[in-house]
Amino acid sequence: MRRHYKAIHDVEVVGPTVLFPYQTPYRGLKKLSFKPLNPHINTEQADAVGMILGCNRVPPYVIYGPPGTGKTMTIVEAILQLYTYNRRANVLICAPSNGAADHVLEILFEASYLIRATDIFRLNAFSRQYDDVNPDFLGRQT
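Start counting the sequence shown at 1; every next residue gets the next number (UniProt numbering).
Please keep in mind that the hints were generated in silico from the structure rather than gathered at the bench. Do not rely on the hints blindly, as some may be mistaken.
[Stated by the list, open to error] List time: in silico DMTMM-like cross-link candidates among lysine to aspartate or glutamate, alpha-carbon distance up to 25 Å:
1) K31 - E12
2) K35 - D119
3) K35 - D132
4) K35 - E110
5) K71 - D10
[Claimed, not checked] Simulated restraints, written as ranges between beta carbons of each label pair:
6) A7 - G99: 22 to 28 Å
7) S127 - D47: 16 to 22 Å
8) M1 - P36: 38 to 44 Å
9) H9 - T84: 37 to 43 Å
10) L37 - D131: 14 to 20 Å
If you're wondering where the values come from, they're calculated on a predicted model, not measured in any experiment. For glycine and all other residues, C-beta sits at the position ideal for the given N, C-alpha and C.
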């Protein structure tokens with residue numbers, strides 16, 4: 001817990017530029033048109049992906065909602081679209097649980113024809129037991 005407070009304090013000291021390195025004066029969202037890689041995404045999911053693709057270095061994009069609303073499908077589509085457009089793009093995905101993060105990782109590994117496993121890095125919680133990590137995920141990342 002002490003480390004959490006120290007991290008919050010350190011961010012307050014260095015300012016928001018650490019979390020948001022580049023602030024653009026333009027805050028509007030423009031939607032970029034794209035051809036979905038997953039034919040099963042719905043209109044709302046496609047709109048969200050289009051806005052993510054249309055963003056140019058704006059603060060983090062947050063996708064939230066109750067279970068079963070297609071958040072993971074939207075996130076994976078956005079990641080694959082970004083990766084297809086720019087293989088050097090850096091994407092940080094955060095999830096509320098190891099299971100949720102593992103689920104995104106599993107779907108990304110299934111899309112290996114679009115994204116290389118060596119371009120994915122899965123950082124586990126420090127408290128996570130090694131035995132709890134899916135053995136299929138070990139050795140597939142660098």
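Consistency of the hints with the structure:
no.	hint	verdict
1	K31 - E12	violated (33 Å)
2	K35 - D119	holds (23 Å)
3	K35 - D132	violated (37 Å)
4	K35 - E110	holds (19 Å)
5	K71 - D10	violated (31 Å)
6	A7 - G99: 22 to 28 Å	holds (24 Å)
7	S127 - D47: 16 to 22 Å	violated (37 Å)
8	M1 - P36: 38 to 44 Å	holds (43 Å)
9	H9 - T84: 37 to 43 Å	holds (40 Å)
10	L37 - D131: 14 to 20 Å	violated (34 Å)
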